[in-house]
Each structure stands twice: as structure tokens, then as C-alpha cells.
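> Chains as they are written, first to last, in our numbering: chain P, 19 to 65; chain B, 64 to 256; chain X, 1218 to 1814.
For the record, the hints were derived by calculation from the structure and aren't laboratory data. Any given hint could be a false lead.
Covered stretches of chain X (chain B as the covering partner; in silico rule of three or more C-beta atoms under 8 Å from a C-beta of chain B) [as the list claims (entries may be wrong)]:
no.: 1; stretch: 1284-1296
no.: 2; stretch: 1339-1346
no.: 3; stretch: 1454-1463
no.: 4; stretch: 1633-1643
no.: 5; stretch: 1703-1714
Below are the DSS-like pairs computed for lysine-lysine, each with C-alpha atoms no more than 30 Å apart in a straight line [said to hold, decoys possible]:
no.: 6; chain 1: X; residue 1: K1250; chain 2: X; residue 2: K1227
no.: 7; chain 1: X; residue 1: K1434; chain 2: B; residue 2: K250
no.: 8; chain 1: P; residue 1: K41; chain 2: X; residue 2: K1250
no.: 9; chain 1: X; residue 1: K1483; chain 2: X; residue 2: K1247
no.: 10; chain 1: B; residue 1: K119; chain 2: B; residue 2: K105
no.: 11; chain 1: X; residue 1: K1469; chain 2: P; residue 2: K35
no.: 12; chain 1: X; residue 1: K1434; chain 2: X; residue 2: K1483
no.: 13; chain 1: P; residue 1: K50; chain 2: X; residue 2: K1461
no.: 14; chain 1: P; residue 1: K41; chain 2: P; residue 2: K61
no.: 15; chain 1: B; residue 1: K237; chain 2: X; residue 2: K1794
no.: 16; chain 1: X; residue 1: K1566; chain 2: X; residue 2: K1454
no.: 17; chain 1: X; residue 1: K1274; chain 2: X; residue 2: K1332
no.: 18; chain 1: X; residue 1: K1461; chain 2: X; residue 2: K1498
no.: 19; chain 1: X; residue 1: K1589; chain 2: P; residue 2: K50
no.: 20; chain 1: X; residue 1: K1566; chain 2: B; residue 2: K237
no.: 21; chain 1: P; residue 1: K61; chain 2: X; residue 2: K1461
no.: 22; chain 1: B; residue 1: K250; chain 2: X; residue 2: K1332
no.: 23; chain 1: B; residue 1: K125; chain 2: B; residue 2: K105
no.: 24; chain 1: X; residue 1: K1750; chain 2: P; residue 2: K61
no.: 25; chain 1: X; residue 1: K1624; chain 2: P; residue 2: K41
no.: 26; chain 1: X; residue 1: K1364; chain 2: X; residue 2: K1434
no.: 27; chain 1: X; residue 1: K1395; chain 2: X; residue 2: K1454
no.: 28; chain 1: X; residue 1: K1250; chain 2: B; residue 2: K237
From chain X, some residues computed to sit far from chain B (all C-beta separations above 10 Å) [to be verified]:
no.: 29; residue: K1398
no.: 30; residue: R1472
no.: 31; residue: D1689
Predicted, not measured: the structure shown is a model, and the values here were computed from it. Glycine included, C-beta positions come from ideal geometry on N, C-alpha and C.
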Amino acid sequence: MAEEVTFKCLRCGYTYKGTYDRKVPEERECPKCGSNSVRPLPKGKGD
Amino acid sequence: MAEEPRIGVFVCECGINIAGTVDCDEVTEWARTLPNVVFSVKNRYTCAEPGQQEIKRFIKEKNLNRVVVASCTPRMHEPTFRRCCADAGLNPYLFEMANIREHCSWVHSDRKKATEKAKDIVKVAVAKARLLEPQEELEVPVTQAALVIGGGIAGIQASLDLADAGYQVYLVEKEPTIGGLMSYINKTFPTMD
Amino acid sequence: MDVGRHPKIKLLAYSEIEEITGYIGNFHVKVRKKARYVDEIACTACGECVKVCPVVKPDEHQLGLATRKAIYIPFAQAVPASYLIDMEDCLGNNPIACGACAEVCDPRAIDYDQKDEILELDVGVAIVATGMDVCDPTILDEYRYTKYENVITSWEFEILTGPGYVTRGELLRPTDRKVPKSIAFVQCVGSRAERRGNPYCSNICCMNTIKDTLYLKEHHPEIDCTVFYMDIRAFGKGYEELYKRSKEVGVKYIRGIPGDIVEDRKTRNLVLTVENTTTGKIQRHEFEMVVLSIGVIPRPDTETVQRLLTLSKAADGFLMETHYQLNPIDAPTGGVFLAGCCESPKDIKASVIQASGAASRAETLLSAGKVKVEAITSEVIPDLCKACGICVDVCPYGSITVDRKAKTPASIVEAACKGCGTCGAECRFDALRMRHFTDDQIIAMIDAMFEERPEEKVCIFACNWCSYGGADLAGLSRMQYPPSGRVIRTMCSGRVAEKFVWHAFRKGAPVVLISGCHFADCHYIDANRWTQKRVEKLWDKMEQKGIRPERLQLEWISAAEAVKWTRVMHAVEELRKTVTREEIEETMRILSEEKGK
């Protein structure tokens, strides 16, 4: 199930909202620095 | 483990490609201090015939049962050195490569730091080599037919060559006719025919 | 053409490949042979059907510059020499409505009910020769290609002067159907441009223009031909001579690429403004016609072939060879070879040379009759297997089976295993052993790496096909980056087990980087999706343990992305500098206490 989450770039620290589905992995890229180290923050963090 | 590893380390200078930035003498000397390394030597070009002959010679002379070549990327010469080991009677999977060219001498200019890194790369390769095991490769038959995808000038030529050599060819073309872009062309250079 | 008649060639025209499975020496291919609605063998190409067909359409083979019927043959010498029906427009879709062609077809070749056919083939080798396409001229708007009729592309020039066109080789100006008195050729349209079009040189356009000018001069010496160029690249055998000949017959060459084209409304002539870079002066030149010498691009459907055969694409979009100089024909997938323009833009001669090379490389395999496949496959240790079945779920090739109910250990079909190692990384019971990339070997490499001065090093896991290749290319390109990275190569990033990452941190790694192929490039179908899932889990667990998740980095780097590799090396070094000795020691303490429990 896709859900709204906050993504955090672990390279530059930029955060943004987006949809995330554990079952359907998508290649992610930080819109700011281009890193792929983009972490979907667990619920309750970064909201 | 059946027998104690006896590792030989071959450090390639690659002309000045590696030796220009990495102190290959130092790496060679130091490699001898690593666990299970019984022999190390520097070559000008390990991949060249004399270099390969040295590997074969020392496998026999020093009774080596593991070989580490510190040179370029395994994506290029791993098959070469595996064959070389096999020729000397060593299972090709008892060979390991340390990439001190693409990942080291070519991307760093500080000689001291590059040499330190090269030593680490060799050390990591030796650590793996100690635990290498012989493997048997599966031999599979090759179906005696070829698929050619695209019926332009390249696909046509490849198909004809293979078919003339006696092999069955399946030439798959998306368009209703073969010929590709070439079929549009009026005259061709440089002959103007 | 010989291809149509050769007893050893089965020509499948109007066909598309739907699926390729298997491996070197043993590929299984599914091909869709699309319905032509005309029996290829029965059709005698007499052309009676065309005379009666009532449907007129723009002819795509003539770029819409001429027309064709709903039943048509692409061109007179087409192979197979058979007509086909464009069913989208055919009125015979409802034979009661039309059926005219079937009535006049003497050999009774027309069959409105023909269906697509699926053919299954077994082959040992594959040659990819999917070719190239031409660049879209509208990206350079200053040339007003869409606005001014007398601005045409070099590709249209080929059609308009082709023997199949109505003018039978005579070039006429589109607006007044007269032979133009003056004509300009503008080079590098869509090529050698960083911002619009492509950064690379399209290789063939200079010689093509020289050829076109000679063709014109041969028929109409009075035509004033001028070529606007950056450099003339006439580097092949006989090419320089042809360039000289074109100058000798009066073709003018002006070094400078026009900044814009404006049409005179009355005469429909075109005025080019250009900085002549030889004289440094701004000039204006008037011509009756302009030919834009457009560059070439990878075919848009290259991606399909890439996916079907798990090939790699270079940054320019063309297919990547195994090694630029020493292995320029073999594709990274065993048993697959590249020929012609799918690999890079090239002229006919170079295409033919590469095609013969590809055929010869393929023959080497075929004539050997057998091939050894790398022994890098997975094996089950039955005593440790709990038959949980996670390996079955993650294997991209379906090569593992397990009976979860009966609790019998998993088993692997070795020939189907490609050796990504994802099963080994996911198994919680160490019951899967990845040959030549065992847990013990990788752990020993990490130990060796961090034995001395761990705080100075970044532990990098790089997959063999993409990231390791990207690092190789950075080396080949002599890009410079900090020397802190230490690479451990695995076949796929899917092999990188959680325990490797924990072990690196336990041994004092300030930063760990896992790098793999972009999702579209994964050489093990989708194994690297598991890498990402695993890294996400690791980030959460790190945070729970009080270790900064930032210290584990993830990057997708293709074999062409040397620049990205270099940038990432700088980035991880910056990150490493933020990790203090205290932080490293704290992490080591947390992780070793945990292990002790």
C-alpha cells in the first residue's frame, strides 16, 4: 500500500514529502543534491 | 582447509601507468609480510607474455596454491590470468585480482597516499585469496543457431557471414522489409555509388 | 537480396521480440510475427492490388512526402518482396465494404483473417544490430524547420533525391518545385551541443554533406552550394579526397554555425546570419534552400533490447561494449554481440566491419560447440536450511524451490542461477553459500581493510557490472578523487548482506557505501530492489541503536557514470570527516556488546 511519507536525504539533509510503497520499490534521487541515499522516515519522525 | 595457502603476489607496474604514482617496489616488499604470502615479485607488464610466464614459473617453483595479481581491473584481465593459472595446473578460481590501476594509480596523484591505498587493496585481496576455493565450471552446449536483431546493413552482413559459415540464422526485423536506414540512402561516400 | 534467399537464413520481417530467456549458448526467444494480411510466399509483388485499393495514406517510408495505399510494399526492392496491408486503414477490415484487392489478387495471397503468430526459437548466440535514428531538428528552433518549407533536413534530402521519389533524383525547392539556384548546408544540427541536442559528434554528417554537395554539383554545376561548419571531420579512407573534390567543383565552406534563419516573405528565400569564425565578422547570406545536417541518436526502442538482454547503455544512450578498445564487440551479457549503430554512430563501412566482427565473435562460440559458465552460483547447506522460503521469494530467476510445509531444504537449479547472491544475503540461517563470494571471504576482506587506521577509510561495496565499471571508467578518464575509499566487489549489490555492514561498523568503519546499478540496468533483473529494501531496514536499525543512519550511504552508479562515481567519492570523504574517533568507538562498543549477548 502506498502511503504519504517524509523522505530525508542522508547526504544533504533535505526533506520532502512523497508516496512510498514497500512492495513496489522505486529508484529515488534527492531533488536537491541528486544522491540516492534517500530514506523514507518511519512514521512519527520528521512530520 | 585441506592445505595451508601459499600465496604469490605479482605486482604490475603497467609501464608507468601504475609505477608512475604507486611505489611498486614498496608494495611488493610489503606484500611479503602478509599472512600466507610466500612470494612476491614486481613485473613491468604482468599481462604480457613474459609476465604470464613468470606466474606459471613461480606457481611451480614456489609451489604456489593461490595467486594474487595487483594490476588493473578484473573486468578486463581476470579471464587472462585465470587462464594463465589454469595452464600452470592451478584451479582458476584460486586467483584473485587487486585493482591498483583504475581504482588507485589513475585516480590519485599523491604518491605516498596512493602507495598506502595500493597496499591496502593488496591486503584485502590477499585476505580473500586465503579463503578461495577451487570451483568447477559447468560446461554447457551451444545451440547451433544465431539470432540477429535488426535487419539493417549491420544485421544483414552479420546474418550472411554466419549463414555462409553454415549456421542457422534467425533475422528478426521490426519493419515489413529489411534494409534499415541504408535503404533510404541514395549515394554513399566516399565512392559516390 | 541474398538474405531473402539464403537457405540458412530465416527472415522474420515485421516481427518483434517479446521475450528472451536463458544464458550464453542457450537462449530461448519468443518472436511475434505480425500479421501482414498477405501471404509472403504466395505474393508475387505484381502490384495489381495497389491499383484497386481506394485508401490513400502518407507514405512513412518517404517521410510522408509521398503517398501510398492501405495495401503497399515499402519500396520496390523490399525483402521480403511481398505486399502488406495496413489494417488500421484497410476497408477490408469489413470485407463486405471493400475486398477489392482480394478480388484482383491472382495468386490469392490476401487473407484478411491472418493473425499474429508467436514463434519460439532456440539459439546459442545473439547479435544486436538495432541501428540508430535521426535527431529531431525542431530542438534548434532558430532554424525554423517547422515554419519555413524551404528548410529541410539532410534526411529529407536523401528521400527527395532518392530514386524512389517522384522527381527521380532531382532536388526541387518545396515552395516552387524548381531546381534551387543556391543551397546552404548547416552542419552539427543536434550534435556537439551541450544544451540542445547531443554532446557527441554524430560521425557521419560531415561526409554525408560532402556527398550531397557533390551529387548536386554533378547534376547542376551551376547550383551555388555553401557549407556552414565547425570543423570538417573527413578522417576515413578516401574521405579527405572527397572533401577536396567538393572544394574543387566549387562548393564553398564557411567556418561558422548560423545563429538564425529568416525567410524573405516574397521570394521565400532564406537569410542566414553567421559569425564567420575565420574572419571574426558577422555575415549575412541568402539562399533559396537550406539543408540542416541533422545528427543521429540511439533508437528509442534500444531500451527494449537492453531490457530483454540485460545490456548496458552509455551516457549517450548507445549500447555499451565490454571494453572500449580491447573488446568493442562483445556485450556485457555472455553470448551477445553488438553490430552497427546501436553501439555508436558510424558509417556504412564501419557498420559492415563491426557486423563481420560480431559474426566472427559469434562463430567462435558456435564452432566450439560448448562453453563454460562461471562457477559463481549459490549452493544450499541443507543442515542449516529451515525451509522458510525467503530465498525462493527473492531469487530473480526462480531457480530455487522449497517445500515449506514438508520443511525439506531448498534446492537450486544451478544452470538457472546467475549468481547475484541475493538469496545468500537474505537467508537468516546462513544456509546459502555464494560460491567465490562467500560470507567468510567478504568478512575477511572487511577485517583486513580495517586492521589499521579504520577511521581514515570508507568501506565501499560495488557491484561488478555497473558501479565497479563506473569506477573503472573514472580511472580510465583519469578523474581525481580522495583516496579514502576501499572497494569490495560483489557481482550484484543484492549480495551485500546486513551482517557485512554491521561487521564493517564493528571494525571501525566511519562510513559504508553500497553502490549498485540503476534499477533499469540491474543485471539480475530486479535483485537490486532487495538492496534498497535492506538498506532502508538498516537505516531504521541504525537509528534504533543510536548510530547515525547517514553513515550508511546508497548510490546507483552505472558503468558510464564515472562523473557520478567521482562526485560520490568526494561526498563520502566529506561525510567521513564528520565522523569523529569518539563516534566510531561508541559504535564499535554498541555493536560488540550486542554481539557478546
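> Determine for every hint whether it applies to the structure shown.
Evaluation of the provided hints:
With 6 residues having a beta carbon nearer than 8 Å to a beta carbon of chain B, the stretch 1284-1296 of chain X meets the requirement of three or more and the stated coverage holds. Here's how the stretch 1339-1346 of chain X fares: 8 of its residues keep a CB closer than 8 Å to some CB of chain B, so the rule of at least three is met and the hint holds. Judged by the Cβ-Cβ criterion of 8 Å, the stretch 1454-1463 of chain X is covered by chain B as claimed, because 5 of its residues qualify and three suffice. For the stretch 1633-1643 of chain X, the stated coverage by chain B is not satisfied: 0 residues place a CB nearer than 8 Å to a CB of that chain, which falls below the threshold of 3.
With 4 residues having a beta carbon nearer than 8 Å to a beta carbon of chain B, the stretch 1703-1714 of chain X meets the requirement of three or more and the stated coverage holds. With a C-alpha separation of about 12 Å, the suggested pairing of K1250 of chain X with K1227 of chain X holds against the 30 Å cut-off. For the suggested pair K1434 of chain X and K250 of chain B, the alpha carbons sit about 13 Å apart, so the restraint of at most 30 Å is met. Between K41 of chain P and K1250 of chain X the CA atoms are separated by roughly 35 Å; this puts the pair beyond 30 Å, and the hint is violated.
As the CA atoms of K1483 of chain X and K1247 of chain X are separated by approximately 58 Å, the hinted pair breaks the 30 Å bound. As the CA atoms of K119 of chain B and K105 of chain B are separated by approximately 14 Å, the hinted pair is consistent with the 30 Å bound. For the hint linking K1469 of chain X to K35 of chain P, the alpha-carbon distance of about 59 Å lies beyond 30 Å, and the restraint is violated. Simply put, K1434 of chain X and K1483 of chain X have alpha-carbon atoms about 27 Å apart, close enough for the 30 Å limit, and the pair holds.
Note on K50 of chain P and K1461 of chain X: the hinted pairing is violated, with a Cα-Cα distance of about 52 Å set against a maximum of 30 Å. With a C-alpha separation of about 17 Å, the suggested pairing of K41 of chain P with K61 of chain P holds against the 30 Å cut-off. Restraint check for K237 of chain B and K1794 of chain X: not satisfied, since their Cα atoms lie roughly 55 Å apart, outside the 30 Å limit. For the given pair, K1566 of chain X sits about 10 Å from K1454 of chain X by alpha-carbon distance, which is consistent with the 30 Å threshold.
A C-alpha spacing of about 23 Å is found between K1274 of chain X and K1332 of chain X, which places the hinted pair at or below 30 Å, so the restraint holds. A hinted pair counts as satisfied when its Cα atoms are at most 30 Å apart, and K1461 of chain X with K1498 of chain X qualifies at roughly 25 Å. For a cut-off of 30 Å, the pair hint linking K1589 of chain X to K50 of chain P is broken: about 47 Å separates their Cα positions. As the CA atoms of K1566 of chain X and K237 of chain B are separated by approximately 23 Å, the hinted pair is consistent with the 30 Å bound.
Of the pairs offered as hints, the one joining K61 of chain P and K1461 of chain X is violated, with about 72 Å between alpha carbons and a cut-off of 30 Å exceeded. For a cut-off of 30 Å, the pair hint linking K250 of chain B to K1332 of chain X is broken: about 38 Å separates their Cα positions. Between the alpha carbons of K125 of chain B and K105 of chain B the distance comes to roughly 15 Å, so the proposed pair stays at or under 30 Å and holds. Distance check on the hinted pair: K1750 of chain X and K61 of chain P sit about 17 Å apart at the alpha-carbon level, within 30 Å; holds.
Straight-line distance between C-alpha atoms of K1624 of chain X and K41 of chain P comes to about 26 Å, which keeps the hinted pair within the 30 Å bound. For the proposed pair K1364 of chain X and K1434 of chain X, the alpha carbon gap of about 28 Å is at most 30 Å, so the pair holds. Taken as a hint, the K1395 of chain X and K1454 of chain X pair is broken in the structure, with Cα atoms around 36 Å apart against an allowance of 30 Å. Restraint check for K1250 of chain X and K237 of chain B: satisfied, since their Cα atoms lie roughly 9 Å apart, inside the 30 Å limit.
With a closest Cβ-Cβ approach of about 21 Å to chain B, K1398 of chain X is found to remain outside the 10 Å limit, as its non-interface label requires. At roughly 21 Å, the least C-beta separation between R1472 of chain X and chain B is larger than 10 Å, which holds for a residue marked as non-interface. The claim that D1689 of chain X is not at the interface with chain B is violated, since a C-beta of that chain comes within 10 Å of its own (minimum 4 Å).
Violated hints for the displayed structure, listed by number in ascending order: 4, 8, 9, 11, 13, 15, 19, 21, 22, 27, 31.
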